Amino acid sequence: AQSVTQPDIHITVSEGASLELRCNYSYGATPYLFWYVQSPGQGLQLLLKYFSGDTLVQGIKGFEAEFKRSQSSFNLRKPSVHWSDAAEYFCAVGTILTGGGNKLTFGTGTQLKVEL
Amino acid sequence: EPEVTQTPSHQVTQMGQEVILRCVPISNHLYFYWYRQILGQKVEFLVSFYNNEISEKSEIFDDQFSVERPDGSNFTLKIRSTKLEDSAMYFCASRGQGSEAFFGQGTRLTVV
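Quick note, the sequences are listed as chains A and B, same order. Residue 71 in the numbering used here is what sits at position 71 of the first sequence, and the numbering runs on without skipping anything. Residue 49 in the numbering used here is what sits at position 49 of the second sequence, and the numbering runs on without skipping anything.
Since the hints were derived computationally from the structure, they do not count as laboratory data. Please note that a few of the clues may not be correct.
[Claimed, not checked] Have a look at the derived ranges for each label pair, beta carbon to beta carbon:
{"no.": "1", "chain 1": "A", "residue 1": "L56", "chain 2": "B", "residue 2": "T13", "range": "42 to 48 Å"}
{"no.": "2", "chain 1": "A", "residue 1": "Q71", "chain 2": "B", "residue 2": "T7", "range": "41 to 47 Å"}
{"no.": "3", "chain 1": "A", "residue 1": "L46", "chain 2": "B", "residue 2": "T7", "range": "19 to 25 Å"}
{"no.": "4", "chain 1": "B", "residue 1": "S99", "chain 2": "A", "residue 2": "S18", "range": "24 to 30 Å"}
{"no.": "5", "chain 1": "B", "residue 1": "S81", "chain 2": "A", "residue 2": "G16", "range": "26 to 32 Å"}
Here the structure is a predicted model, which means the values were calculated and not measured. Just so it is clear, CB atoms sit at the ideal spot from N, CA and C, and this is done for glycine as well.
Just chain B, same shape as in the assembly (with noise of 0.2 Å):
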């Protein structure tokens, strides 16, 4: 059954550091999303991307993210300075024609 692919599962990282969170979507699916769930909290919308554009993004997204489909496969989500309130588990989603998200198993990053 095809699954969506997160890398790293688990990211430490100083802050103040750039990092860089990579996902491998569904093939044939067309629309890609990123969400974060701080420990104990809900899941949170970040970002929705379609026709390599971003079509949505909530006001977390801030100009310290950015997301990137670099080669038609890969979905990356870039923070570039983590501040330690980025702490989160961070998922990946992506959809097809149907209308349900299928979700990767997220990277947790800790930012220390």
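Bound conformation, chain A alone (with noise of 0.2 Å):
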């Protein structure tokens, strides 16, 4: 079965410096990989995403997700950390259902926090 770990709960950092959140999964075939951002009192926001091809992906806000298959890991950056980026960040694997359509499998999520 699919497993999403999330090995930091909490990360504080400084307004303006650099960010790396960890995310590690567990599936058997090529993974579906999504990152999802969830402020206080918000829905999920999807941040960005990873299917094929370059391992490399861009997404919204400035964040960018590095796939590395070898060590089944995706993991979030950010090179300058804004104080409105505080939230809560969530790493998700999504799987095909034969009935059509795909689910997500979520880590527990990282807690973000911004000094200002």
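Could you fit the two chains together into a complex? Lean on the hints.
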């Protein structure tokens, strides 16, 4: 069965510093990988996704992620964090369903705090 | 920009009562989902719905839960007899031909 591990529950960075959020997955086939962000009281917003091809994917808000098959990782990065990036970040792996569509298996999330 | 809309944003219900959570998916989407997030825990898959039937459901989605797309635009989740442990944030999501799901803002269900 697929699973996602986000080892860091909380991370605090200073505004302007670089950021890397870790994500490891377990999945038998080529994974569909996603990063979502959840601001307080908000829903889940897609930051970026990986399906195939270039292993470095660019997303919204200046985020990028790199798929490394050998490490089963899909870490999220941002070169310079802004105070508005404070939120909870979820990594997810997508599984194709035989009945159509797919379902997402989420990690436990990483809460990002940004110090001014 | 099209978005998934959920109502209400917060629902308080008494234990044992039926509750219906409503969602309006993005209009040309074909696949519909419900997820839930118990406070402090991860987001969990409940059910997927395609072509007017359930395509997969999790072990959480027992006989107390049902989904319906009654009129071609709304997508509802019904909990027949709510329990305290049903208290959670419920997210509706929809997907078109692309592979990413778009999520609504969620409905916070509180069972008292």
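Here is what the structure says about each hint:
no., hint, in the structure
1, A:L56 / B:T13: 42 to 48 Å, "holds, 46 Å"
2, A:Q71 / B:T7: 41 to 47 Å, "holds, 42 Å"
3, A:L46 / B:T7: 19 to 25 Å, "holds, 22 Å"
4, B:S99 / A:S18: 24 to 30 Å, "holds, 29 Å"
5, B:S81 / A:G16: 26 to 32 Å, "violated, 52 Å"
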